[in-house]
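Model the full structure from these sequences, guided by the hints.
Position 149 of the sequence shown, counted from 1, bears residue number 132 in this note's numbering, the numbering being contiguous throughout.
Hint data in this document are derived by calculation from the structure and do not stem from the laboratory. Glycine included, each C-beta is placed from N, C-alpha and C at the ideal position. Misleading hints may appear alongside valid ones.
[As the list claims (entries may be wrong)] With beta-carbon atoms standing in for the labels, derived distance ranges:
| no. | residue 1 | residue 2 | range |
| --- | --- | --- | --- |
| 1 | D72 | S161 | 54 to 64 Å |
| 2 | G53 | D(-3) | 48 to 58 Å |
| 3 | I118 | A146 | 26 to 36 Å |
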Amino acid sequence: MDSYRDEEGEPIMDYDDIQSDPGSPEPRQDLLDDVEDDVDDWGQRDRSQTPVYDTDKVGKPRKRLNDQEGVRTMDDDDFIDDTGVDPADRYGSDNEARSPSHAPQAEEDDEDPEIKELFKMGKKKKKNEKSPAEISLLVENVMAELEVTAEEDAELNRQGKPAINKLKKLPLLTEVLSK
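Printed below as a string of structure tokens:
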């Protein structure tokens, strides 16, 4: 079996051994020159480039977007108006790249009473704690009420009727126990 062929006899290709451009080994500088020429006169073009024809649609050119700006309005002028601002105080000019991390940070004021008051509104208030005597009185009342309800349900059971009075007291019991 040939080491350059697979089980089915197809040639095996090692893509690492194949050069993408079998011509000269140095990069083609003329391609970069064309790009630089296009970039240099980018904003000076008066009309859009010649439309490119699709191979699928014979005779119909693809539409190109026209990069013309509309009429300048007062809103456009007011949008970014930094006239009169010291150049050192401006965020950045169009010619330099800056990240937001270079912007001066705002100082935080932890002593503002209005903001503190706003955040206090969202906090839960402490529950009114009851004395042990009040708690025992509440428990006794609930227990007595549940005993009466249990007796009523027992009587309903003897009569063969559904005994649901204890179930009706379940919300009361869960409320008391959650306190």
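Evaluated hints:
{"no.": "1", "hint": "D72 / S161: 54 to 64 Å", "result": "holds, 59 Å"}
{"no.": "2", "hint": "G53 / D(-3): 48 to 58 Å", "result": "holds, 57 Å"}
{"no.": "3", "hint": "I118 / A146: 26 to 36 Å", "result": "holds, 30 Å"}
Of the numbered hints listed earlier, not one is contradicted by the structure.
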